[in-house]
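Use the sequences and the hints to build the structure in full.
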Amino acid sequence: MTSIPVIKTERLVLRAQTLRDLEELCDLFGSDRARYMGGPIPRKEAWRWLASEVAMWSLMGHGAWAIEDGDGTFLGQVGLLKPPHFPELELGWTLLQRAEGKGYATEAAGAARDWAHERGHTAIVSYIDPANDRSLALARRLGAVPDPQAALPEGETRAETVVYRHPAPEARQ
Amino acid sequence: MTYPCETPHVGAAALFALALHRQLPMLTTDRLILRSPRVTDFETYAGIVCSERGQHMSGPMTHEEAWADFARMTSVWPLHGHRLWTIGHAGSIAGFVVLGFDPEATEPEFGFMLTAEAEGQGIAEEAARAALAHACETLGWSTLISYIATGNTRALALAARLGASFYTRDLSGTVLVRYRAEANA
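Protein chains in written order, with our numbering: chain A, 6 to 178; chain B, 15 to 199.
Read the hints as simulated data drawn from the structure, not as lab findings.
Heads up, a few of these hints could be off.
[Said to hold, decoys possible] Every beta carbon over 10 Å from chain B, so not counted as near; a handful from chain A, in silico:
(1) GLU29
(2) ASP32
(3) ASP37
(4) MET61
(5) HIS90
(6) PRO92
(7) GLU95
(8) GLY160
(9) ALA164
(10) GLU165
(11) ALA173
[What the hints assert, rightly or not] Computed Cβ-Cβ distance ranges for the label pairs, DEER-style:
(12) GLU131(B) with THR111(A): 16 to 26 Å
(13) LEU32(B) with GLU15(A): 28 to 38 Å
(14) GLY108(A) with LEU32(B): 20 to 30 Å
(15) GLU131(B) with GLU15(A): 24 to 34 Å
(16) MET65(A) with ASP44(B): 24 to 34 Å
(17) VAL150(A) with ALA195(B): 26 to 36 Å
(18) GLN37(B) with GLU28(A): 26 to 36 Å
(19) PRO117(B) with ALA156(A): 39 to 49 Å
Where is the CB? At the ideal position from N, CA and C, for every residue including glycine.
This is the structure in structure tokens:
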């Protein structure tokens, strides 16, 4: 069984997900908040989707982390994801409403990206709905830039997906 | 005061509005996304047209006039397939572009307005090039005009960079500029 690395940031802990975390995320996927993920997403599909991002750890050596604050409150997830329909490794995030507005997503995503760089992943993208202003702004805060030439996930169009490319390690120094 | 009509709703109607929005054209440049308006754009729109910056667009407007203007400009999309575009810049709104026919106009017009924060970064030019290319290549317009106040040196300089020809319109000093399709090829 692959052990999922624990990362500590200034205020947060990135750790392996629990079943309870998945249940909360399934609630999110079934709600209005999933409108930028093609949602709302039926629970059966959501559970399998989320579980596959946990399974990626065993299969690929990277995957989704739970994000927890200093009080142990679950805030959402961040991950390095590459399901079969993604042409590149994606840095992705899904934050619960209670986690908004405090810079948690920036802190967690930055830590995940740094971890990926340390393991030699230099080409990292985020696939973002062009209507998802919050995520576009987050990608920009992380130093990513739009890449209009980048390949899209299979089956998606430019009306649904904008690709932001994260700076390679050397570019950030 | 912010009224319910100006704020995003939740539930099925909001999802329907988003689905409609996705059907409409979107232009992507190196840094920007030009897209049809969403209700959350109104705050920025009002911020511009209700201020000093709105004086060139029959402003400054009151808040109620701004909503009426925004709704009217957005409503032309289902009628003609274009009109008011929001300039999206990494999740924020840099401003707006207008393409098309004013109520009594005989020729299509191009106009833009930026937020103060968006100035000085080449955004107006990047958005203008994308909008003018769309007007010529997709909407099939061979010529567009703009009206620019004589004192608006930034807009005049941009028009020159975009290859416009200049004509003085009237004694108040408004300059009429004309873009032709081949000048932007």
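Review point. Do GLN37(B) and GLU28(A) keep their Cβ atoms within the hinted range of 26 to 36 Å?
Key: With Cβ atoms ~34 Å apart, the hint holds.
Exercise for review: With 20 to 30 Å as the target window, see if GLY108(A) and LEU32(B) comply at their CB atoms.
Suggested key: Roughly 26 Å apart at Cβ, these two residues keep to the hinted range, so it holds.
Review point. Non-interface claim for ASP32(A): all C-beta distances to chain B beyond 10 Å?
Key: Since the minimum Cβ distance to chain B is about 15 Å, ASP32(A) lies beyond 10 Å and the statement holds.
Exercise for review: Test the statement that GLU95(A) is away from the interface with chain B: the closest C-beta pair must be farther apart than 10 Å.
Suggested key: holds, 18 Å
Exercise for review: Would you check whether the claim that ASP37(A) is not at the interface survives, using Cβ distances to chain B and the 10 Å cut-off?
Suggested key: violated, 5 Å
Review point. Range hint 26 to 36 Å: satisfied by the CB atoms of VAL150(A) and ALA195(B)?
Key: Check passed, 31 Å falls within 26 to 36 Å.
Point to revise | ALA164(A) and chain B, when compared Cβ to Cβ, separated by more than 10 Å | key: The assertion about ALA164(A) is violated, with a minimum of 6 Å to chain B.
Exercise for review: Hey, is PRO92(A) genuinely clear of chain B, shortest beta carbon separation above 10 Å?
Suggested key: holds, 18 Å
Practice item. Take a quick look at HIS90(A) and tell me if its Cβ sits farther than 10 Å from every Cβ on chain B, holds or violated. Key: holds, 20 Å
Review point. Is it true that the C-beta distance of GLU131(B) to GLU15(A) lies inside 24 to 34 Å, as the hint says?
Key: Given range 24 to 34 Å: holds, Cβ gap about 28 Å.
Practice item. Kindly confirm whether 24 to 34 Å is satisfied by the beta carbon distance between MET65(A) and ASP44(B). Key: 32 Å Cβ-Cβ, so the 24 to 34 Å window holds.
Check your understanding: Okay, PRO117(B) versus ALA156(A) on CB: inside 39 to 49 Å?
Key -> holds, 44 Å
Of the hints listed earlier, those the structure fails to meet are numbers 3, 9 and 10, in rising order.
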